[in-house]
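The two chains are supplied separately, each in an independent frame; assemble them into the complex guided by the hints.
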Amino acid sequence: SAVISQKPSRDICQRGTSLTIQCQVDSQVTMMFWYRQQPGQSLTLIATANQGSEATYESGFVIDKFPISRPNLTFSTLTVSNMSPEDSSIYLCSVALGHHSYNEQFFGPGTRLTVL
Amino acid sequence: GENVEQHPSTLSVQEGDSAVIKCTYSDSASNYFPWYKQELGKGPQLIIDIRSNVGEKKDQRIAVTLNKTAKHFSLHITETQPEDSAVYFCAASTSGGGNKLTFGTGTQLKVEL
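Here the protein sequences line up with chains A and B, keeping their order. In the numbering used here, each residue's number is its place in the first sequence (first place is 1) plus 2. In the numbering used here, each residue's number is its place in the second sequence (first place is 1) plus 1429.
Simulated from the structure, these hints should not be mistaken for laboratory data. Be careful, since some hints might not be right.
Said to hold, decoys possible - Cross-link-like lysine-lysine pairs, in silico, DSSO-like; alpha carbons within 27 Å at most: (1) B:Lys1466 - B:Lys1529; (2) B:Lys1539 - B:Lys1486; (3) A:Lys9 - B:Lys1471; (4) B:Lys1471 - B:Lys1529; (5) A:Lys9 - B:Lys1466; (6) B:Lys1466 - B:Lys1539; (7) A:Lys9 - B:Lys1529; (8) A:Lys67 - B:Lys1451; (9) B:Lys1486 - B:Lys1497; (10) B:Lys1471 - A:Lys67; (11) B:Lys1451 - B:Lys1529; (12) B:Lys1539 - B:Lys1487; (13) B:Lys1471 - B:Lys1451; (14) B:Lys1487 - B:Lys1451; (15) B:Lys1500 - B:Lys1529.
What the hints assert, rightly or not - Some chain B residues near chain A, calculated using beta-carbon distances under 7 Å: (16) Tyr1461; (17) Gly1472; (18) Arg1480; (19) Gly1484; (20) Gly1527; (21) Asn1528; (22) Lys1529; (23) Phe1532; (24) Thr1534; (25) Gly1535.
As the list claims (entries may be wrong) - Quick list of the computed label-pair ranges, beta carbon to beta carbon: (26) A:Cys15 - B:Gly1445: 42 to 48 Å; (27) B:Ser1447 - A:Gly42: 33 to 39 Å; (28) B:Ile1476 - A:Gln40: 21 to 27 Å; (29) B:Gln1489 - A:Asp13: 35 to 41 Å; (30) A:Gly18 - B:Arg1490: 16 to 22 Å; (31) B:Glu1444 - A:Ser83: 43 to 49 Å; (32) B:Glu1485 - A:Ser3: 21 to 27 Å; (33) B:Ser1441 - A:Gln43: 18 to 24 Å.
For glycine and all other residues, C-beta sits at the position ideal for the given N, C-alpha and C.
Excised from the complex, chain B in its bound form (with noise of 0.2 Å):
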C-alpha cells in the first residue's frame, strides 16, 4: 500500500518569513495529493490540492508543488503570520483507490511574532 513520509515533524518560523513541509510517497499510482490545517482542538481542513497532471498550484500565500518523478511534493507558505500556527498534514490517494486518503505524520508548525 501507499506510504507517506512528512518532514519537519516540528518547523518554527518568524512571523513574515516562509515555511516548507516536503512530502515522499510511496506508490507511482498516487494522483491527487491534497494538504490539511488541523488547529488544536478541530478537524482537519482542506487548505489546497494537487493533482498529478499539474507541477504547482497557488492559492494567495500558500502553494504545492509536485515532482512525479521524484515522488514528492511540498507545501510552501509565504509571508507567515501567527494564525497559520496549527498541525499540516500531507495525504495521498491513489488512483483505483477510490477516496482512501494516506496521511504523512504532521508537521507542527509555529509562526514566532
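Only chain A is shown next, with the shape it has when bound in the complex (with noise of 0.2 Å):
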C-alpha cells in the first residue's frame, strides 16, 4: 500500500476565490487521480494526474475550472478555481501502483471544503 497525506484537512473559503490542495505519497507511484465526494454522496472522478504532461479530465470537468499539476512521482496538486457554494464537498486523490485495471487504488484522507 501506500501512504498519503493532504494538506489541507478542511478549509472554509469565501466565493470568487481558489484554493489549492496539495497530495503527497511517501513513495513513487505510477498512477494519481482526484475525486470529488459532494455531501453524503458518492465519489466521482476528476481527473487522471498525468507526471509531466496535462491532466486528464472526465466528462464535466475541465481544466480552467480544476487545473492539475503533478511534476513528480509522488506529489500532484488539485486547484479549485473560482469557488461557488456548490463546490463544497470532500476532495480526495489516489494512487495506484500500476496503471492495469485489476492495480489497487489507495485514498488519502481528503480535504473538507465548504465554500460560504
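Dropping the structure here:
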C-alpha cells in the first residue's frame, strides 16, 4: 500500500476565490487521481494526474476550473478555481501502483472544503 | 460508460449478525471490483477486492462474491461488530480503462448493540 497525505485537511473559503490542495505520497506511484465527494454522496472522478503532462479530465470537469499539476511521481496538486457554494465537497486524491485496471487504488484522507 | 448500482442504501443489523451489500454493473468489460469502507471524516479504505477470473474471495470476516453472467457482486460481513459501522462503497474498473473506478452510491451500515 501507500501512505497518502493531503493539505489542507479542511478549509472554509469565500466565493470567487481559489484553493490549492496538495497530495503527497510516501513512495513513487504510477497513477494519481483526484475525486470529488459531494455531501452524503458517492465519489466521482475529476481527472487523472499525469506526470509531466496535462491531466486527463472526465466528462463535466474542465482544466480552467480544476487545474492539476503533477511535477513528479510522489506529488500532485488540485486547484479549485473561482469557487462557488456548489464546490463545497470533500476532495480526495488516490494512487495506484500500476496502470492496469486491476491494480489496487488507495485514497488519502480528503480535504473538506466549504465555500460560503 | 460503466454504471454501478448499489443496494441497500442503509442497513441496520444486530451485533453478531451478518450483513450483505449488493452491487450490479453494466459494462461486461469490467474486470476488477474493489470494496471500500469509509468512516466519518476519513478517506475510503480498501477492504477487499476481486478480479473477474475469481468467483469468491474471503478475508477473515469479510467475503466478496462475483457473478459475471449476471453482472453482480456482493460484500458479505459475518459476525458484525460495532466497529463495522461505516459507509461501504463498491466500485468497478474496466479493462482498457486504466485504473478509473466507477463507484456505487454507498451503503450506510449500522451495527447495533
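How the hints compare with the structure:
1. B:Lys1466 - B:Lys1529: The given pair, whose Cα atoms are some 18 Å apart, holds under the 27 Å limit.
2. B:Lys1539 - B:Lys1486: Distance of about 23 Å is within 27 Å: holds.
3. A:Lys9 - B:Lys1471: Holds - the C-alpha atoms of lysine 1471 of chain B and lysine 9 of chain A are around 14 Å apart, at most 27 Å.
4. B:Lys1471 - B:Lys1529: Holds, at roughly 21 Å.
5. A:Lys9 - B:Lys1466: Holds: lysine 9 of chain A and lysine 1466 of chain B sit about 22 Å apart, inside 27 Å.
6. B:Lys1466 - B:Lys1539: With Cα atoms ~13 Å apart, lysine 1466 of chain B and lysine 1539 of chain B stay inside 27 Å; holds.
7. A:Lys9 - B:Lys1529: 23 Å, holds
8. A:Lys67 - B:Lys1451: 35 Å, violated
9. B:Lys1486 - B:Lys1497: Holds, at roughly 14 Å.
10. B:Lys1471 - A:Lys67: 25 Å, holds
11. B:Lys1451 - B:Lys1529: 21 Å, holds
12. B:Lys1539 - B:Lys1487: Cα-Cα ~22 Å, so holds.
13. B:Lys1471 - B:Lys1451: 23 Å, holds
14. B:Lys1487 - B:Lys1451: 16 Å, holds
15. B:Lys1500 - B:Lys1529: 18 Å, holds
16. Tyr1461: 4 Å, holds
17. Gly1472: Interface hint status for glycine 1472 of chain B: holds (4 Å vs cutoff 7 Å).
18. Arg1480: At 5 Å from the nearest chain A Cβ, arginine 1480 of chain B passes the 7 Å test, so the hint holds.
19. Gly1484: 16 Å, violated
20. Gly1527: 6 Å, holds
21. Asn1528: The hint holds - asparagine 1528 of chain B has a Cβ within 7 Å of chain A, the shortest such distance being about 4 Å.
22. Lys1529: Hint holds; lysine 1529 of chain B Cβ to chain A Cβ min 6 Å, cut 7 Å.
23. Phe1532: Status holds, d = 5 Å.
24. Thr1534: This hint holds: threonine 1534 of chain B lies near chain A, its Cβ roughly 5 Å from the closest one there, short of 7 Å.
25. Gly1535: For glycine 1535 of chain B, the interface hint holds, since the closest Cβ of chain A sits about 5 Å away, which is under 7 Å.
26. A:Cys15 - B:Gly1445: 42 to 48 Å: At roughly 45 Å between Cβ atoms, glycine 1445 of chain B and cysteine 15 of chain A fall inside 42 to 48 Å, so the hint holds.
27. B:Ser1447 - A:Gly42: 33 to 39 Å: Cβ of serine 1447 of chain B to Cβ of glycine 42 of chain A: about 26 Å, so the range 33 to 39 Å is violated.
28. B:Ile1476 - A:Gln40: 21 to 27 Å: 23 Å, holds
29. B:Gln1489 - A:Asp13: 35 to 41 Å: 38 Å, holds
30. A:Gly18 - B:Arg1490: 16 to 22 Å: 49 Å, violated
31. B:Glu1444 - A:Ser83: 43 to 49 Å: Given about 47 Å between the Cβ atoms, the range holds.
32. B:Glu1485 - A:Ser3: 21 to 27 Å: 23 Å, holds
33. B:Ser1441 - A:Gln43: 18 to 24 Å: Since the Cβ atoms of serine 1441 of chain B and glutamine 43 of chain A sit about 21 Å apart, the hinted range of 18 to 24 Å holds.
Violation of the numbered hints given earlier is confined to hints 8, 19, 27, 30; the remaining hints are satisfied by the structure.
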